[in-house]
Amino acid sequence: MITALGGGIIRDVIIASLPPATFRDWRYLAVAGAGALIAFGWGRKLDRLSFPIEVLDAVGLSLFAITGATKAMDAGLGPLPAVILGAVTAVGGGTIRDVLIGRVPTVLRSGLYAVPALIGAAITVVSLEIGLHGWIPALVAGLACFAVRLIGIRFDLNVPVPPGSPDE
Amino acid sequence: MITALGGGIIRDVIIASLPPATFRDWRYLAVAGAGALIAFGWGRKLDRLSFPIEVLDAVGLSLFAITGATKAMDAGLGPLPAVILGAVTAVGGGTIRDVLIGRVPTVLRSGLYAVPALIGAAITVVSLEIGLHGWIPALVAGLACFAVRLIGIRFDLNVPVPPGSPDE
Amino acid sequence: MITALGGGIIRDVIIASLPPATFRDWRYLAVAGAGALIAFGWGRKLDRLSFPIEVLDAVGLSLFAITGATKAMDAGLGPLPAVILGAVTAVGGGTIRDVLIGRVPTVLRSGLYAVPALIGAAITVVSLEIGLHGWIPALVAGLACFAVRLIGIRFDLNVPVPPGSPDE
Numbered sequence: 000m001i002t003a004l005g006g007g008i009i010r011d012v013i014i015a016s017l018p019p020a021t022f023r024d025w026r027y028l029a030v031a032g033a034g035a036l037i038a039f040g041w042g043r044k045l046d047r048l049s050f051p052i053e054v055l056d057a058v059g060l061s062l063f064a065i066t067g068a069t070k071a072m073d074a075g076l077g078p079l080p081a082v083i084l085g086a087v088t089a090v091g092g093g094t095i096r097d098v099l100i101g102r103v104p105t106v107l108r109s110g111l112y113a114v115p116a117l118i119g120a121a122i123t124v125v126s127l128e129i130g131l132h133g134w135i136p137a138l139v140a141g142l143a144c145f146a147v148r149l150i151g152i153r154f155d156l157n158v159p160v161p162p163g164s165p166d167e
Numbered sequence: 000m001i002t003a004l005g006g007g008i009i010r011d012v013i014i015a016s017l018p019p020a021t022f023r024d025w026r027y028l029a030v031a032g033a034g035a036l037i038a039f040g041w042g043r044k045l046d047r048l049s050f051p052i053e054v055l056d057a058v059g060l061s062l063f064a065i066t067g068a069t070k071a072m073d074a075g076l077g078p079l080p081a082v083i084l085g086a087v088t089a090v091g092g093g094t095i096r097d098v099l100i101g102r103v104p105t106v107l108r109s110g111l112y113a114v115p116a117l118i119g120a121a122i123t124v125v126s127l128e129i130g131l132h133g134w135i136p137a138l139v140a141g142l143a144c145f146a147v148r149l150i151g152i153r154f155d156l157n158v159p160v161p162p163g164s165p166d167e
Numbered sequence: 000m001i002t003a004l005g006g007g008i009i010r011d012v013i014i015a016s017l018p019p020a021t022f023r024d025w026r027y028l029a030v031a032g033a034g035a036l037i038a039f040g041w042g043r044k045l046d047r048l049s050f051p052i053e054v055l056d057a058v059g060l061s062l063f064a065i066t067g068a069t070k071a072m073d074a075g076l077g078p079l080p081a082v083i084l085g086a087v088t089a090v091g092g093g094t095i096r097d098v099l100i101g102r103v104p105t106v107l108r109s110g111l112y113a114v115p116a117l118i119g120a121a122i123t124v125v126s127l128e129i130g131l132h133g134w135i136p137a138l139v140a141g142l143a144c145f146a147v148r149l150i151g152i153r154f155d156l157n158v159p160v161p162p163g164s165p166d167e
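Residue numbers (numbering that gives the first Met the number 0), protein chains in the order written: chain A, 0 to 167; chain B, 0 to 167; chain C, 0 to 167.
Some hints here could point you the wrong way.
Said to hold, decoys possible - Stretch by stretch, here's where chain A covers chain B in the computed footprint (C-beta under 8 angstroms, at least three residues):
1) 4-16
2) 45-53
3) 150-157
What the hints assert, rightly or not - A short list of chain B residues far from chain C (calculated; beta carbon distances all over 12 angstroms):
4) Met-0
5) Thr-21
6) Asp-24
7) Gly-32
8) Ala-38
9) Asp-56
10) Val-58
11) Leu-107
12) Ile-135
13) Leu-142
14) Ala-143
15) Val-147
16) Pro-161
These are computed hints drawn from the structure, not numbers from a lab.
Glycine residues also receive a C-beta, built at the ideal position from the N, C-alpha and C atoms.
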């Protein structure tokens, strides 16, 4: 439930939209709880479905990046803060989950995770800034985020590491 | 101090009761600081008192679950969010403490910790929903949380693990 | 960026100054991002500059402790909460960083880190309480924090450990 809801809670605290949406509408908690129960009961079988799960995860990443950036702009944040907050919304839940189970968050370790979220949020913010509203720019932003995330998984791309780092 | 105050700070941020009670009344900080100093100075001797400390911890868990759920209802949250927030209030401080010292939080590992908090919060919320106010329903909710927590310790009960898990 | 901005975000959430300053003025994000990029590109060379970096870190600690305590007083918090919040502002960013990379936070382990922040915040709060405003008391508070931090580094001082602790 924290994975699903943590990013949105951080976003709503930052933009002062309190109580967070998660706590104002019980359906967020119900959907996240139902998903968690499914994973709890059938987790071993879900292990075999890792690619479909990564695709769904990429869909979620895209949705969170776009809605996070949009809500940030609606709350009056400037373009750069809105892009950052969109990405934080998208990666925040998974980051808290990783911290709680004692792992260095995925977003800090490898793969492309924050990068597609930043791209999706940036397209969203640029669209809103030049006056493009509605579902078409949102779809473009979502597809861009989704595509970069899946390309990263498919070709095992990683964010660059600092020059001279042992991982280089 | 984080163990004592963390849960209430999270609760107050979520229900937009800011600054949190912890920072509005210096006595919260003073009591938590005094308790921390006692543990600092006499920690070795307190190790021998593990059962009384677990009982006091269960009292605290009950109080936090009930006050958290009650404040959530007063802030206009629905019943399901109020139950969740009551449990978060009760387990939040210890969870932050465990993260800071590099442990996977107790609440995620073993024993009954979130379960009694959820039971106490649920009884509180149902009582308020059916119009029962005052100290009698609060006492019932508190005793239920306390009893489930102590039964869990006494009989070494654990939350169920997912089917097929190595811990099963 | 979290190291630089995390403490101020916690402070602004606690005093209900939302959205946090970090998200209201894009220059905070830009400066922190530029610093992070420099560290990313020249990190290996910066390793050799550990003393100048520790001095700059002590300057930052002092600034955060003083501005945190001042903003807390301006927000109407009492003296003790304002001192605590000043110290939290100063050590919060580094603490979140350490948690994210899987380390027990420096502030909990060794050295004098919270102690100089508490001293700087306390001097700030006492000055404001007795009606001394402006840059002179702020400078005194900042120099005290800075000096205690550097003395701690120079003489390898540590906070006291509990009696009977294995680290004693």
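Each hint, compared with the structure:
Under a criterion of three residues with beta carbons nearer than 8 angstroms to beta carbons of chain A, the stated coverage of the segment 4-16 of chain B is upheld, 4 such residues being counted. Here the segment 45-53 of chain B counts 0 residues with a CB under 8 angstroms from a CB of chain A, which misses the bar of 3, and the coverage is violated. Coverage of the segment 150-157 of chain B by chain A is violated. Counting CB-CB distances below 8 angstroms, 0 residues qualify, and the rule asks for three or more. A cut-off of 12 angstroms between C-beta atoms contradicts the statement that Met-0 (chain B) is not in contact with chain C; the least separation is 8 angstroms.
At roughly 8 angstroms, the least C-beta separation between Thr-21 (chain B) and chain C is not larger than 12 angstroms, which violates its mark as non-interface. The Cβ of Asp-24 (chain B) does not lie farther than 12 angstroms from every Cβ of chain C; its closest approach is about 8 angstroms, which violates its non-interface assignment. With a cut of 12 angstroms on Cβ distances, Gly-32 (chain B) falls inside the contact zone with chain C, its closest approach being about 9 angstroms. Look at Ala-38 (chain B): its CB is around 8 angstroms from the nearest CB on chain C, not clear of 12 angstroms, so calling it non-interface is violated.
Distance check for Asp-56 (chain B) against chain C: the nearest CB is about 19 angstroms away, which clears 12 angstroms, and the non-interface claim stands. Even its closest Cβ contact with chain C, about 24 angstroms, leaves Val-58 (chain B) beyond 12 angstroms, as expected for a residue assigned away from the interface. No Cβ of chain C approaches the Cβ of Leu-107 (chain B) within 12 angstroms, the least distance being about 15 angstroms, so the stated non-interface status holds. Listed as a non-interface residue, Ile-135 (chain B) keeps its Cβ farther than 12 angstroms from every Cβ of chain C; the least gap is roughly 34 angstroms.
Leu-142 (chain B), annotated as away from the interface, keeps every beta carbon of chain C farther than 12 angstroms; the closest lies near 33 angstroms. The Cβ of Ala-143 (chain B) sits about 33 angstroms from the closest Cβ of chain C, beyond the 12 angstroms cut-off, so the non-interface label holds. Against chain C, the non-interface label of Val-147 (chain B) holds: every CB pair exceeds 12 angstroms, the least being about 31 angstroms. Pro-161 (chain B), annotated as away from the interface, keeps every beta carbon of chain C farther than 12 angstroms; the closest lies near 25 angstroms.
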